[in-house]
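Residue-level listing of the chains:
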Amino acid sequence: MKHEANRTVDVLVIGGGNAALCAALVAREAGASVLLLEAAPRAWRGGNSSHTRNLRCMHDAPQDVLTEVYPEEEFWQDLKKVTGGITDEKLARLAIRESSTCRDWMRKHGVHFQPSLSGTLHLSRTNAFFMGGGKALVNAYYRSAEALGVRIRYDAPVDRLELDNGTFCAAWVGTERIAARACVMASGGFESNREWLREAWGQNADGEWPADNFAIRGTRFNRGVLLKFMMEAGADMVGDPSQSHCVAVDARAPLYDGGICTRIDCVSLGIVVNRHAQRFYDEGEDFWPKRYAIWGRLVAQQPGQVGYSIIDAKASGRFMPPVFPGAQADTLEGLARQLGLDEAAFVRTVRDYNAACRVGRFDHTVLDDCHTEGLAPAKTHWALPIDTPPFRGYALKPGITFTYLGLKVNERSAVHFGGRPSHNLFVAGEMMAGNVLGKGYTAGVGMTIGTAFGRLAGAHAAAAALQQGVEHAAA
Amino acid sequence: MQQLEILAREAAELAEGRVVPAGSALPVERQSGAESEAEVDRIMKICNACRYCEGFCAVFPAMTRRLEFGKADIHYLANLCHNCGACLHACQYAPPHEFAVNVPQAMAKVRARTYSDYAWPSGFGALYRNNGLTVALALAAGIALFLVLALVMQGGLFHAPVAGDFYSVFPHNLLVSMFAPVFLIAVLALGIGVARFWREVSPGTVDVLSGAAVAETTQDVLRLKYLDGGHGGGCPNADDANTLLRRRFHHLTFYGFMLCFAATSVATLYHYVFGWEAPYDLSSLPVVLGTVGGIGLLIGPAGLFWLNLKRHPEHGDAAQKPMDRGFIALLFLTSLTGLALLAGRDSGAMGLLLAIHLGVVMALFLTMPYGKFGHGFYRSAALLKWAIEKRRPNPVGVGSE
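Going line by line, the protein sequences match chains Z and D. Per this note's numbering, numbering through the first sequence is continuous, rising by one, with the last residue being 475. Per this note's numbering, numbering through the second sequence is continuous, rising by one, with the last residue being 1401.
Hint data in this document are derived by calculation from the structure and do not stem from the laboratory. Treat the hints with care, since some could be wrong.
Stretch-level coverage of chain Z by chain D, calculated; a stretch enters the list once three of its residues show a Cβ under 8 angstroms from a Cβ in chain D [to be verified]:
no., region
1, 113-120
2, 133-145
Selected chain Z positions facing chain D (in silico; Cβ < 7 angstroms) [said to hold, decoys possible]:
no., residue
3, Ser50
4, Arg53
5, Gly259
6, Cys261
7, Gly317
8, Pro321
9, Pro322
Computed from a predicted structure; not experimentally measured. Backbone N, C-alpha and C fix where the C-beta goes; we use that ideal spot for every residue, glycine too.
Please construct the entire structure, taking both the sequences and the accompanying hints into account.
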């Protein structure tokens, strides 16, 4: 029987980003009534998905915006490599296969694709870019969801769930109880919970709390409320609770939502020094797209959690233009002054580096033979002396993209308690990405996981709810 | 740390300092040209570090060919922008983000300045500032002129039916001597303005005009390519939903206008080459062209006006709405009065209808170089520059690894 007034919704989706929207759309397509609760106000809806730009896609032949082929096995090997094996092959392959078929469905819901952006040629084979980026995708999904009859509420942060022995009963938004037959949680990680970050990163030997100096690259609404609740409710967890994806961003980046444009892409073209004007890592270890994700942690380990990327005029125009102009001077001393670094120490560091450079044939597109000799740490590629004014410097600080802690799932994306899957509580997106991506990162894989498990969770939640509805009617 | 704080403050100022709060809609004259240009510069540097919108239109690929944005670059990009609004809704840095990126609005403000800055004679650029008023005054003056002329020449506004013989009301030579110079001066003024713009945005280079670049520009203009959203689904209007309506109404307006223009041109040929004088038969080429074009020029502007009323408040520059709407209204009236004249040409009110129609057309001609009409010419020039420069190697080779 149906309750006409205040009817219990079939599927409740908690969250408002890509994974949540995929779940809501699929559940609605399966015939379930769906209510989506987004914690943010409408203007800030979409979570970290609004800052994304592409989806890593398996494909066995060239497609509209994807060149050549990217077979399942290669995708899997890439994932195994970046995670150092901290992944679940069965779930990973599920997401990979799903990525080869999901784009038509995405198009149906209004997502458009565009060729890989200028400066991202290395991704044209593996990643399908969203036209206009992730916010355009999020807008399209909300529009499609509304048209299909998904009910959407903004400013509706869920504080806790009501569970009964592994079964979802209701969610609480403040004092309001919202019951549903099934639920998909997709409300993100805990990267914008500064207290939690502080606790996770701890205190260093100098007595600093490094996390206090971090920028959050994405939404301010990923406070990990449900993650913490589920942990305390005894759900099975995956992923290292102390780890987060951390890149070096411009030190002037806003506290939240700096997104992609605050990155500094000139590290491999020059040197990076810390607050004491000392180098601390091989800037030319590997291609920048493969190395940018370690620099956040490297900078986080420096005093004051700050680094300075230093280049000269030769580097100009060879990297993506940064959003803020760098400090600029015609002398090394002048640059040190502008950056607030000890002049003598800085000049000595640059001179030592310059003297150690063994310049061969500079080529930024290969691991070239320009390197240093007798310098610690060495710079193993693209080592050109910093000798051509104007000199530029960019202050760097760590920027957190996402956290790895998540809820353990199976191939139905169900939440587990004591090794047993819940029959009506599912999870998707950053809240469970750690199952597949236990460590590291490769471009676009977050959206692959979010889309694949969002759709799975939505389908299984709808099936659970409708099945329950049938039993209810029969009883 | 102190140094960092200073940097952070500078960044915050950079990000916020020159921003006009969204929706505040300062009149054009209250924001100086330098301020409008600085805002585009600020925004383009953010966009150039993001680039998510590359697929929407030509503005973003053109941007990636630059690291610095001088005045000429900004004027060029501002006229390349079609104010479609797609990038605003897609922007992760749009208000309420503290970066307050609104590309269409920043571009629109500069674009309006370029029209008046390049206008010839220079002083007439001021007519853009209060363009709604300019158009209204021109319209009033045009209609008044012909009404008075009618009164003077035939002693009254009504007359015995003359079977559509316009020249019995206003002699052919009189009309030619009035419209030909106004039209030629308007074309000259527009041409000089656009030539000045072209010289500024393509400094010191004799661009190689390849046939392919010209062909592509022609196609982009005639198809109105950059109102298709980059994916063919159209562009936003009232909200983030894409619609092709703006493109279609614009097509009706443009092709309607061109058909009306063709009707006049054919009639001119008839008159001077073949000696066939108006009025022409209902099934004659000038009347058929004018009627079909006139219908397009009714539906198109009406649709554009409706879309303009519903337009999202953060699209473009609210201060320019009088210019947009004035121009739309003028086109609509041109067609309406023309069709009314056709319908009533056998009646005793033909003289009155003719005077009103001629007054409207005169206003259209008079305001041509100092109103929205110019946008087509400046935008076509910017599109041509884009078609030329995209065929050259990109001077900025970032991120080739």
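**OP:** Verify the coverage statement for the region 133-145 of chain Z against chain D, using a C-beta to C-beta distance below 8 angstroms and requiring 3 or more qualifying residues.
**Re:** holds (count 6)
Subject >> Status of the Pro322/Z interface restraint (C-beta, 7 angstroms, chain D) >> reply: Cβ of Pro322/Z sits 6 angstroms from chain D, so the hint holds.
Original post:
Is the interface hint for Gly259/Z satisfied, with its Cβ closer than 7 angstroms to some Cβ of chain D?
Top reply: Hint holds; Gly259/Z Cβ to chain D Cβ min 5 angstroms, cut 7 angstroms.
**OP:** Return the status of the interface hint for Ser50/Z: holds when the least beta-carbon distance to chain D is below 7 angstroms, violated otherwise.
**Re:** 5 angstroms, holds
Subject >> Hint check, Pro321/Z versus chain D [nearest Cβ-Cβ separation less than 7 angstroms] >> reply: 5 angstroms, holds
Original post:
Given Arg53/Z as an interface hint, is the shortest Cβ-Cβ distance to chain D below 7 angstroms?
Top reply: 5 angstroms, holds
Original post:
Does Gly317/Z pass the interface check with chain D, least Cβ-Cβ distance below 7 angstroms?
Top reply: 5 angstroms, holds
**OP:** Identify whether the interface hint at Cys261/Z stands, where standing means a beta carbon of chain D within less than 7 angstroms of its own.
**Re:** OK, holds: Cys261/Z within 7 angstroms of chain D, min 4 angstroms.
Original post:
Are there at least three residues in the region 113-120 of chain Z whose beta carbon sits under 8 angstroms from a beta carbon of chain D?
Top reply: Our answer is that it holds, as 6 residues pass the Cβ test (under 8 angstroms) against chain D, meeting three.
Checked against the numbered hints above, the structure breaks none of them.
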